[in-house]
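Visitor: Chain by chain, the residues run as shown.
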Amino acid sequence: MRWMPNSIQRRLLVTASVVLLVFLGVTGWVLDQTFSRSVIKGAQQQLQLIVYALMGSASEKDRKLQFSDNLAEPRLAQPDSGLYAFVSDGQGEVLWRSRSAFLTEVASDGGASSVSSGFVFSELQQQSQPPRFSLSHAVTWEGLANERVIFTAVADQASYRRAIEDFRQSLGIGLGSVALVFILVQALALRWGLTPLLRMQREVAELERGKRERLSDGYPIELKNLAVNLQRFVTHEQSQRRRYSQALDNLAHSLKTPLSVISNALTESQPSAPLLQEQVQRMQDVVANQLNRATLAAPLALGSRIPAQATLERLVAALRIAYPQTEIATRLQAAGYLRGDSSDLLEIFGNVLENACKFSRSWVGVSAETITLQRVMVRVIIEDDGPGIAVDQRAAVLKRGQRADSQTPGQGIGLSVAAELVALYQGELVIDDRESGGARICITLPGAIADDHESMG
Amino acid sequence: MRLLVVEDDPALRQQLESGLSAAGYAVDAAADGSEGLYLGSEFAFDAAVIDLGLPKIDGLELIERLRKECKTYPIIILTARGHWQDKVQGLEAGADDYLAKPFEMPELLARLNALIRRAAGYASPVLVVGPLQLDTSRQQVTISDKAIDLTAFEYRVLEHLMLNADRIVSKNELTEHLYAQDFDRDSNVIEVFVGRLRRKLEPLKLIQTVRGRGYQLNPGAHCDALDA
Chain A
2 MRWMPNSIQR RLLVTASVVL LVFLGVTGWV LDQTFSRSVI KGAQQQLQLI VYALMGSASE
62 KDRKLQFSDN LAEPRLAQPD SGLYAFVSDG QGEVLWRSRS AFLTEVASDG GASSVSSGFV
122 FSELQQQSQP PRFSLSHAVT WEGLANERVI FTAVADQASY RRAIEDFRQS LGIGLGSVAL
182 VFILVQALAL RWGLTPLLRM QREVAELERG KRERLSDGYP IELKNLAVNL QRFVTHEQSQ
242 RRRYSQALDN LAHSLKTPLS VISNALTESQ PSAPLLQEQV QRMQDVVANQ LNRATLAAPL
302 ALGSRIPAQA TLERLVAALR IAYPQTEIAT RLQAAGYLRG DSSDLLEIFG NVLENACKFS
362 RSWVGVSAET ITLQRVMVRV IIEDDGPGIA VDQRAAVLKR GQRADSQTPG QGIGLSVAAE
422 LVALYQGELV IDDRESGGAR ICITLPGAIA DDHESMG
Chain B
252 MRLLVVEDDP ALRQQLESGL SAAGYAVDAA ADGSEGLYLG SEFAFDAAVI DLGLPKIDGL
312 ELIERLRKEC KTYPIIILTA RGHWQDKVQG LEAGADDYLA KPFEMPELLA RLNALIRRAA
372 GYASPVLVVG PLQLDTSRQQ VTISDKAIDL TAFEYRVLEH LMLNADRIVS KNELTEHLYA
432 QDFDRDSNVI EVFVGRLRRK LEPLKLIQTV RGRGYQLNPG AHCDALDA
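Protein chains in written order, with my numbering: chain A, 2 to 458; chain B, 252 to 479.
A hint or two may mislead.
[Claimed, not checked] In silico DSS-like pairs for lysine-lysine, Cα to Cα no more than 25 Å straight-line:
1. A/Lys359 <-> B/Lys352
2. B/Lys352 <-> A/Lys400
3. B/Lys451 <-> B/Lys397
4. B/Lys352 <-> B/Lys422
5. A/Lys257 <-> B/Lys352
6. A/Lys257 <-> A/Lys400
7. B/Lys451 <-> B/Lys422
8. B/Lys322 <-> B/Lys397
[Said to hold, decoys possible] Pairwise CB distance ranges (calculated):
9. A/Leu22 <-> B/Asp309: 57 to 65 Å
10. A/Gln282 <-> B/Ile419: 40 to 48 Å
11. A/Arg362 <-> B/Glu315: 32 to 40 Å
12. A/Pro272 <-> B/Arg450: 51 to 59 Å
13. B/Leu263 <-> A/Pro272: 16 to 24 Å
14. B/Ser375 <-> A/Leu276: 46 to 54 Å
15. A/Val392 <-> B/Leu263: 40 to 48 Å
Think of the hints as simulated: they come from the structure by calculation, not from any bench. Just so we're clear, the structure is a prediction, and the values are computed from it rather than from any experiment. Note that CB positions come from ideal geometry on N, CA and C, so glycine has one too.
Given the sequences, and given the hints that come with them, work out the whole structure.
Guide: Below, the structure is given as structure tokens:
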């Protein structure tokens, strides 16, 4: 559809114009036809009157017809007036002709000689003669030698045609101006109707150039949802950008300290290896923490619906490969659906589960269920039989990563990454003790209701 | 123990090669996926270290294709991004373990050790044949709790024999697993090493020569030795 104009305004305008032109065309044609027909009808009636007048002025004398020249129509007496009359007998011999026809060659017959009786109307199109209308009427006149007499009236078409032309002209002017006005109004209406779109276009461009923070309110209902979604997207993008720049800031900041320690150490004649190692470790922690955090996808609006059981089972299957000595028990039948980005969710559960596997003696348990508080949530509980996490360390374990140089022995940075993501999803991650020893991590995340057909099936 | 290393970064590849060689492994290194696929399917390895982001053939695909060719040796993947999506996909493709960059050599060595041992069917890091104990995590050999001093190469020979204690190991197989591809192979060298190893393990007559076929550990040997 390359020929289609790539503009809503032009598309609507083209469509409306085509419809308008077809409508006006058909209207014009119908009006023209009707008018032409009525003009010709008028001509026929006029000729009929003349025939009647002719018949009225004829009288029989000595078995012959006689005509008085005092006909009501003065044009018949005027030579070459465009209106002619004849009377002929059955053999086609002209008995009488009007004065107007004395100098003008007019086909008098009109094909009417074959007519037995009644009126015959026809259009004469003969070479070397202007087009004419002709009306013949054959009668049987008793008492005449030849009883069959044909009265014929002939009129030039020119005046009638001129009337039709005049009508056509004014019709064209009228319809044309209607079309023009209509298209103008249509274009204005389109402009008016599309103003919100143009406004949105302008505002998005301004957003892009950073001249504007958010879209304005008051879009018409057709665009409201689009505007709201766009705004959500823009806000998300802005916060993502802020997170990136913040993360980069932090990264630069946190890397500069160990870097300067290293470069200072290198100026010494014998740099201490443990010191260098410590600084490198510090830098590695910084990279792992802050870079990881910056690349987290973060939930855009509500995210999509993701089956919790399948996600967790996929992870458990993978971890069973990596930790074959650990028994991972699952209870996931009632897990339901999560809302979010699947790689974020993998990140959350992967980090917590890996942690559990790392610190467990031989057993890790995963269970999940959908619960309904104010809204639908999925609660995932990951337990292990390891040493657990001491109460006074719990806050530090979750906060780790916010301060790259703080070291919490025993736990990787996995838990803090998971906790941060959970917070982004407005969920909750709680560290607890398992009754029979070990850690118990309880993660609550926004859930989703199953589709109707799925819950019924 | 012969290892395949597929890593496109030359500096890291060099480090892996030297670090793993220093730990006594024979290392074949490939710089891209297709070279990795060639080496990985042509030669007998005990384990492979494969980076996920590789030119020509991607790491994931490389692992899948090696597994499709029935190569069962353990594979450990290196991921730069450390995202769980990558780790899970790698494990699903057929890898056995993962390590996120930046990693440290001791960590990689420990993982490799565990993987190779696991692949041979040992759950514990300490391999035991009679009074002989081989601690793969500390690379230490003891007979009745007395430490035996072995060179890295002797250690690898013994480790390979112990990991395959249930069958005969041919000289050819030992050469394959102990030397990298471009090493000059001479079966006499193996005989020399086995001879030295035998002397160090005396009075145990643990390593038996199966004429014309190779070597096998004899778990019953210690009885004779201790009884004698």
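Visitor: Just to be careful, I want the Cα atoms of B/Lys352 and B/Lys422 compared with a cutoff of 25 Å; is the pair within it?
Guide: Roughly 37 Å between the alpha carbons, so the hint for B/Lys352 and B/Lys422 is violated.
Visitor: Are B/Leu263 and A/Pro272 spaced within 16 to 24 Å by their CB atoms?
Guide: Because 23 Å falls inside the window, the suggested range holds.
Visitor: For B/Lys451 and B/Lys397, compute the direct alpha-carbon distance and say whether it is at most 25 Å.
Guide: With Cα atoms ~12 Å apart, B/Lys451 and B/Lys397 stay inside 25 Å; holds.
Visitor: Between B/Lys322 and B/Lys397, does the CA-CA distance stay at or below 25 Å?
Guide: 38 Å, violated
Visitor: With respect to the beta-carbon atoms only, verify the hint that A/Arg362 and B/Glu315 lie 32 to 40 Å apart.
Guide: The hinted range 32 to 40 Å holds for A/Arg362 and B/Glu315, with Cβ atoms some 34 Å apart.
Visitor: Holds or violated: A/Lys257 and B/Lys352, Cα atoms, limit 25 Å.
Guide: 21 Å, holds
Visitor: Starting from the hint 57 to 65 Å, judge whether the C-beta atoms of A/Leu22 and B/Asp309 obey it.
Guide: 60 Å, holds
Visitor: With the threshold set at 25 Å, check whether the alpha-carbon distance from A/Lys359 to B/Lys352 stays at or below it.
Guide: With Cα atoms ~18 Å apart, A/Lys359 and B/Lys352 stay inside 25 Å; holds.
Visitor: Could you grab the alpha-carbon distance between A/Lys257 and A/Lys400 and see if it respects the 25 Å cut-off?
Guide: 22 Å, holds
Visitor: Holds or violated: B/Lys451 with B/Lys422, Cα cutoff 25 Å?
Guide: Holds, at about 20 Å.
Visitor: Is the gap between the beta carbons of B/Ser375 and A/Leu276 within 46 to 54 Å?
Guide: Once the Cβ atoms are compared, 37 Å apart, the range 46 to 54 Å for A/Leu276 and B/Ser375 is violated.
Visitor: Taking 51 to 59 Å as the stated bounds, is the beta-carbon spacing between A/Pro272 and B/Arg450 within them?
Guide: 44 Å, violated
Of the numbered hints given earlier, the model fails hints 4, 8, 12, 14; all others are met.
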